[in-house]
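Engineer: For the record, the sequence lines run as chains A and B.
Numbering of the first sequence is given in my numbering, commencing with residue 2 and proceeding in unit increments.
Numbering of the second sequence is given in my numbering, commencing with residue 1076 and proceeding in unit increments.
A portion of the hints provided could be inaccurate.
To be verified - A few chain A positions that, by computed beta-carbon distances, are all more than 10 Å from chain B:
(1) A27
(2) A94
(3) R138
(4) R157
(5) A160
(6) P165
(7) F166
(8) R181
(9) L182
(10) Q198
(11) S207
(12) N211
(13) I229
Said to hold, decoys possible - Quick look at which bits of chain B chain A covers, simulated, 3 or more residues with Cβ under 8 Å:
(14) 1082-1090
(15) 1113-1124
Claimed, not checked - DEER-style ranges, computed between Cβ atoms:
(16) B:A1145 to A:A62: 20 to 26 Å
(17) B:S1149 to A:S3: 41 to 47 Å
(18) A:R202 to B:A1113: 56 to 62 Å
(19) A:R123 to B:S1135: 15 to 21 Å
For the record, the hints were derived by calculation from the structure and aren't laboratory data.
Given the structure is predicted, the values throughout are model-derived calculations rather than measurements.
Every residue gets a Cβ at the ideal spot worked out from N, C-alpha and C, and that includes glycine.
For reference, the chains in residue letters:
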Amino acid sequence: MSDPRHILITGASRGIGRALACHYLAAGDLVFGCSRGASDLVHDRYAHFSADVGDEDSVDALFKELRGRIGTLDVLINNAGAASMNPIVLMPAKKAREIIEINLLGTFLMTHAATRLLRRSRAGRIVNVSTVAVPLRLEGEAVYAASKSGVETFTRITAQELGPFGITCNAIGPSAIKTRLTQGVSDKQMQALIDRQAIRRGAEVSDVVNVVDFFLRPESQLVTGQVIYLGGIG
Amino acid sequence: MDQNQIRDIVMDAMRTTNLARPAESQLEVSSTGPIFGAASPLDSLGLVALLLDVEDAFQSRGFDVALSDASAMSRTRSPFRDVPALVSYIDSLMSARP
Chain A
2 MSDPRHILIT GASRGIGRAL ACHYLAAGDL VFGCSRGASD LVHDRYAHFS ADVGDEDSVD
62 ALFKELRGRI GTLDVLINNA GAASMNPIVL MPAKKAREII EINLLGTFLM THAATRLLRR
122 SRAGRIVNVS TVAVPLRLEG EAVYAASKSG VETFTRITAQ ELGPFGITCN AIGPSAIKTR
182 LTQGVSDKQM QALIDRQAIR RGAEVSDVVN VVDFFLRPES QLVTGQVIYL GGIG
Chain B
1076 MDQNQIRDIV MDAMRTTNLA RPAESQLEVS STGPIFGAAS PLDSLGLVAL LLDVEDAFQS
1136 RGFDVALSDA SAMSRTRSPF RDVPALVSYI DSLMSARP
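With the hints as extra help, turn the sequences into a complete structure.
Structural biologist: Structure (C-alpha cells):
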C-alpha cells in the first residue's frame, strides 16, 4: 500500500466536504478538515479545525497549527462555499460580500497558505469547487456564479503559477445535486436544471468523489488548469 | 535576530534555490546581490521559488516569516529587489511582531 496522503478539505463538516473526508479516510489517508463550526466526524486519522476560510487571520492560525502537525501537504480541496439564490436587485450587499469572501477570497487565502506545504509533496494537488451555474448563467445566482467564475479563472492561473512546483490545480463543477447549498432550490427548478444536461439525472456525491479521485491520481500529473462539469454541461 | 543573522539565512536560501537552477542562470550569492530586476536572472516564478525557500529556511530555524507584499513585482520599490532590501524587509517583519 502506498503512503497515506495528507489531505486538507475545507467545508468538511457536512455535504460534499464531509463525504470527501469519509472517502479519503476509508482509503487510508490522513485527513484534516475545517469549517466555521465543529464537526462530529470522529476517526483516528481525522483532525478538525474551526476556521473561516474568508478571514486571513483565521487561515493563518489554521496553517500555524497544521504546520505543527505535518511537514507536507499532498492535497488541498477548496470545497467551502456559500450561496444565496436572489435576483441582483434583491441581493443585500452584505450577503454578496460574504459569498465572494468565502468562495473566491477563501480559495485564494487557502491556496496562498497551502502552497508552502504542497510544494514539499511529490504530487501536490489542489481541487477547487465551481458550479454549473457558471456555464448555464443561471438567473438568481449572479453573485454566486460570478464568484465561481472567479474560482475557475483562479484555478487556471494557479495551474500556471504552481506547475513549476509539480502542483496541479483543477476544478469540478457539480451539476444539480442535493446539498445544503441547494436546499433553497425547489424540486421543479432542480428538474429544469437536470433537463438541460446531456445525461439527465441528478448528481450524487459519489459523482463528485469520482472526479476528485481522477484529479488526485498520480497519473494525472499532466491534468491541470481544467474545469470538469458533471452531466455534460459546458 | 540581527540583520547579519537574517542575511546569512537569506544567502543560505539563495544557495538552496541555485541547486534547482541551471548553471547559466545562477543567483549571485552575496550580501549585496540583486534578487529581482534587470540585474537578476530570476523571473517572477523564480522569485516565488526563492521566497518560498527563504520562508522554509526561517521556518527550519523556528521562525514563521510570510513574504508577500503588494509591491513585490515593482522593479524599484520591491522589498525583494536585492539582498539588502530583503534583509531589511524581513527585519521589519520580525520587529513588528508582538
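Engineer: Now tell me, hint by hint, if it's right for this structure.
Structural biologist: Hints, one by one, checked against the model:
A cut-off of 10 Å between C-beta atoms confirms that A27 of chain A is not in contact with chain B; the least separation is 33 Å. For A94 of chain A, the condition that its CB be more than 10 Å from all CB atoms of chain B holds, with the nearest at approximately 25 Å. Against chain B, the non-interface label of R138 of chain A holds: every CB pair exceeds 10 Å, the least being about 33 Å. No beta-carbon of chain B comes within 10 Å of the beta-carbon of R157 of chain A; the shortest separation is about 16 Å.
Distance check for A160 of chain A against chain B: the nearest CB is about 13 Å away, which clears 10 Å, and the non-interface claim stands. Some Cβ of chain B comes within 10 Å of the Cβ of P165 of chain A; the nearest lies about 5 Å off, and the non-interface call is violated. Interface exclusion of F166 of chain A from chain B breaks down, the closest Cβ pair being 7 Å apart, not more than 10 Å. The beta carbon of R181 of chain A sits about 33 Å from the closest Cβ of chain B, which is more than 10 Å, so the claim that it is off the interface holds.
Its beta-carbon lying about 31 Å from the closest one in chain B, L182 of chain A satisfies the requirement of being farther than 10 Å from that chain. Distance check for Q198 of chain A against chain B: the nearest CB is about 39 Å away, which clears 10 Å, and the non-interface claim stands. A cut-off of 10 Å between C-beta atoms confirms that S207 of chain A is not in contact with chain B; the least separation is 36 Å. Every beta carbon of chain B lies more than 10 Å from that of N211 of chain A, the smallest distance being close to 32 Å; the non-interface claim holds.
Distance check for I229 of chain A against chain B: the nearest CB is about 26 Å away, which clears 10 Å, and the non-interface claim stands. By the rule of at least three residues with a Cβ nearer than 8 Å to a Cβ of chain A, the coverage given for the region 1082-1090 of chain B is violated, with 0 such residues. Residues of the region 1113-1124 of chain B lying with their CB closer than 8 Å to a CB of chain A number 3, which satisfies the three-residue condition for coverage. Checking the proposed 20 to 26 Å range against A1145 of chain B and A62 of chain A shows it holds: the Cβ atoms sit about 22 Å from each other.
Between S1149 of chain B and S3 of chain A, the C-beta spacing of about 44 Å keeps the proposed range 41 to 47 Å intact. Look at R202 of chain A against A1113 of chain B: about 58 Å separates their beta carbons, and that is inside 56 to 62 Å. The supplied range of 15 to 21 Å is met by R123 of chain A and S1135 of chain B, whose beta-carbon atoms lie about 20 Å from each other.
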